[in-house]
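Undergrad: Residue numbers (the working numbering), protein chains in the order written: chain A, 4 to 283; chain B, 2 to 191; chain C, 205 to 635.
What the hints contain is simulated information worked out from the structure, not anything from laboratory work.
The beta-carbon is built from N, C-alpha and C at its ideal position, and this holds for glycine as well.
Honestly, I wouldn't trust all of these hints.
[Said to hold, decoys possible] The calculated lysine-lysine pairs, modelled on DSS-like cross-linking and capped at a C-alpha distance of 30 Å, are: (1) Lys76/B x Lys75/A; (2) Lys127/A x Lys99/B; (3) Lys119/B x Lys251/A; (4) Lys81/B x Lys127/A; (5) Lys103/A x Lys189/B; (6) Lys127/A x Lys189/B; (7) Lys119/B x Lys103/A; (8) Lys103/A x Lys54/B; (9) Lys211/C x Lys282/A; (10) Lys54/B x Lys61/A; (11) Lys81/B x Lys103/A; (12) Lys99/B x Lys103/A; (13) Lys145/B x Lys127/A; (14) Lys119/B x Lys75/A; (15) Lys282/A x Lys607/C.
[Claimed, not checked] Pairwise CB distance ranges, derived in the manner of DEER restraints: (16) Ala60/B x Gly121/A: 41 to 49 Å; (17) Ser216/A x Gln73/B: 23 to 31 Å; (18) Pro577/C x Ala60/B: 58 to 66 Å.
[To be verified] Stretch-level coverage of chain C by chain B, calculated; a stretch enters the list once three of its residues show a Cβ under 8 Å from a Cβ in chain B: (19) 289-295; (20) 546-555.
Residue-level listing of the chains:
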Amino acid sequence: MIRIGAFLVGLFFSGWLIVSFGVGAVAYVSEPPQETAEHAFHLEPKKLSLASDGPMGKFDRQQLQRGFQVYKEVCSACHSMRLVSFRNLAELGYTEDEVKAIAANWPAQTPSIDPATGEATTRKPLPADYIPSPHANETAARAANNNALPPDLSLITKARHGGAPYVYSLLTGYQEPPAELAKRFPDAMPGPGLNYNPYFANLNIAMANPLGSDGIVTYSDGTNATTDQMAKDVSAFLVWTAEPTLEKRHQTGWAVLIFLIIATGLGYMAYRNVWAGVKH
Amino acid sequence: MAEQVTMNQDGTAAIESDGVRRRDFINIAAVSFAGVGGATVLIPLITQMAPSKDVLAQASTEVDVSAVEPGQAIKTVWRKQPMFIRNLTPAEIDAANKVDVGSLRDPQTLAERTLEGKTNWLVTLGVCTHLGCVPLGAAQGEVKGEFGGYFCPCHGSHYDTAARIRKGPAPTNLVVPEYEFLSDTVIKIG
Amino acid sequence: MSFSWAKHYEPKSDLTKWLDQRLPLPRLVYGAIGGGYPVPRNLNYFWNFGVLAGVALVMQIVTGIIMAMHYAPNALVAFDSTEHIMRDVNWGWMLRYAHANGASFFFIVVYIHIFRGLYFSSYKAPREMIWLLGLVIFLLMMATAFMGYVLPWGQMSFWGAKVITGLFGAIPLVGEPIQTWLLGGFAPDNAALNRFFSLHYLLPFVTAGVIILHIWALHIPGSSNPTGVEVKSESDTVPFHPYYTAKDGFGLGVFLILFCSVLFFAPNFLGHADNYIPANPLSTPAHIVPEWYFWPFYAILRAFTFDFFIVPAKLLGVLAMFASILLLFFLPWLDRSPVRSGNYRPLFKIFFGILVADVLLLGYLGGAPAEEPYVMLSQLGSAYYFAHFLIILPIISKIEKPKPLPYSITESVLGKDSSGMAGGPVLQPAE
């Protein structure tokens, strides 16, 4: 009985799937799916090599400080960084006083309550505060940005396929839409308030080219602030904001792996030992 | 490892007697390694319960005390615990200094409990040293106890104007945390 | 346990004697995983995976209990409390990565364990109950993993919760009320998050209970083995301890090396980037997929694109997906071949190979976007999956001519068995 029932159920599912396949295949051949603009013009991220890459990766703190400067002077006007606290910046090599000064001079302020009146107000951030957002809430952020929401950047290199290379490619990928795009996919041409960027999923990004010209920031360590350099630095910085524990993870990982390899080697010898003389 | 020898059957080689020692050593080494590894794993499992980085980051607080008149006190928060900051009147300072220190349960002078030149500022934790309730006496209109300082209603501990234990079950004076004056009006606690 | 030559626990010290008379726990352990459990001597490395699965469960429970000390199951703060674990809690990043990747490795281990059972027909009499309980464990694992994935309250968490509870919405008439009931609302929110957290905490302990039954049922007939020939005499077996404790210890080391390599050097490799974006009920990610271990089933779900007369495609997909797991419960009665081990079944071996390739293909397709040619391929792949278990397996168990089996395990290992006649009968009835 079970096998007869199973046979019928199997016949039903498999049969219907093969029928579906047949119908789908005929449709696929007679009306092949149309090429989309994304498929034709979207590009995979460019190569980017950072000091934090790979199992031996460590942060280049000088670069992180430069990237932080780019974030502070350019990105932070629109993008929040709500999971990173000023105190965390000490890990980039800033002293306690520098961190305090960075917090106190931050362009945005921390929401607070006026102790005299109880009304909502703002105050200067302290090192223990999280980096305040440039906008009070999502609605305000959208209103200030043509209804596009600038995403929070704390986790951005982990929250996008392609990670840091994607961020770097996006920042350096702004260009005029190719003539072929206008010819083949006029609908995919950037509309008002949008910018063509082949590294962005749907090719048209609301953010205007943020690092459009060289020298937007002036690095204190004398590095030449080209667009490419700034994009690299801020990508490196965003790797750190997304995973400040990366260095510790790599270090712990090697210690654990070396221990495990030795222990497993001993375990193998013990196993051979125990089984010595017992054929199996 | 006794089984090892008894289970040798069916054409399997017998163990040479001098090999036993070296083999036991490897087995012991392997088990010891596993033990050390297991013990090491306990470190993160235990330390994860210690205060996290964001909790430790709030370890110091700055308080503006410019609005506290003599005779008044404010309550503030340090490490999620209440802090009493009291501006003592000359009468209260006198009362505290008159006490015979030797007669106290926890002998301390007012000078030892305040900063030099700032003896009118009494900064203590608002946590009764008995079992951790918040004593009364900091806010206006609260009972100050028999000695004009603080009074803990939970189990009846009375503190004097230097926040020293005078009567009741508390074993020690209210704790004075580490603090400093950043300016004449700003105190940094912790 | 069940063999006459199994050694019995003998307490040596006064303390253990005293304990043995009052609470014979050491006796139980000795008989279950100690010197008192005779195990076939010829088990290969595929038999390591049961113990590894147990270790994986313990790891998940330990890291999970610890994360529950820091995590807050509230839609407002769940995402941030997860990041708090990653950034501020001492060793929190390691515990969370261990838990997230531990789930993946748990499934890797369990899938190998299941396919070992399929190849060596460990589900056949007298071991049907072990197989059935194992499937219950598998279902519990899937429910636990799904609900755990919702907890970080990222985009994939939210949309996963919505899509998976949407499966129940496919049931005619009562579907929508059931979905609303499951979520405690019309979309995933605090109510759903809280109950998922509660159940995510509970189910691993239920799983542990069923695992105890699974092991109990295993100890009745004893472990199966690569020849599929039942144990006949003492020379066929070795005591579990020290022989298999040593082998499992070594296997555990290899497992931990692989696990830690991913945990410390590629912790997000098996995850999905969108789950680092906080849940947003107004925007679905462009390409939503479940975690990789659900991909084969997800491919089956998506393979149904046409209504079958009055049965809508959506319902068909859901039915097929559940059927793809439930049919495994009937396996002991579908495959009637008296030979257990695939090593002695030439025809079965071929189809088993196709099945493995098919499930891997379905896994790949389940993670691919829902466009052609992936949908068409998943239709073919799913068709084979059902045909394999429901049609092909019953047929080959009838028509196949198995290779000659060894007389005993001892003979297969040593080439002779002094306890019985060598070169025994060609066929061993499965019981």
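Undergrad: Hint by hint, say whether it matches the structure.
TA: Hints and how they fare:
1. Lys76/B x Lys75/A: Not satisfied, since the Cα-Cα distance of roughly 36 Å exceeds 30 Å.
2. Lys127/A x Lys99/B: 44 Å, violated
3. Lys119/B x Lys251/A: 45 Å, violated
4. Lys81/B x Lys127/A: Roughly 21 Å between the alpha carbons, so the hint for Lys81/B and Lys127/A holds.
5. Lys103/A x Lys189/B: Since the Cα atoms of Lys103/A and Lys189/B sit roughly 14 Å apart, the hinted pair holds (cutoff 30 Å).
6. Lys127/A x Lys189/B: Roughly 17 Å between the alpha carbons, so the hint for Lys127/A and Lys189/B holds.
7. Lys119/B x Lys103/A: Given pair Lys119/B, Lys103/A holds - Cα atoms ~27 Å apart, limit 30 Å.
8. Lys103/A x Lys54/B: Roughly 17 Å between the alpha carbons, so the hint for Lys103/A and Lys54/B holds.
9. Lys211/C x Lys282/A: 21 Å, holds
10. Lys54/B x Lys61/A: 21 Å, holds
11. Lys81/B x Lys103/A: Since the Cα atoms of Lys81/B and Lys103/A sit roughly 22 Å apart, the hinted pair holds (cutoff 30 Å).
12. Lys99/B x Lys103/A: This hinted pair is violated, its Cα atoms lying about 44 Å apart.
13. Lys145/B x Lys127/A: 37 Å, violated
14. Lys119/B x Lys75/A: 41 Å, violated
15. Lys282/A x Lys607/C: 23 Å, holds
16. Ala60/B x Gly121/A: 41 to 49 Å: 27 Å, violated
17. Ser216/A x Gln73/B: 23 to 31 Å: 58 Å, violated
18. Pro577/C x Ala60/B: 58 to 66 Å: Given range 58 to 66 Å: holds, Cβ gap about 60 Å.
19. 289-295: With 5 residues close enough to chain B, the hint holds.
20. 546-555: Check failed, 0 qualifying residues.
Of the numbered hints given earlier, the model fails hints 1, 2, 3, 12, 13, 14, 16, 17, 20; all others are met.
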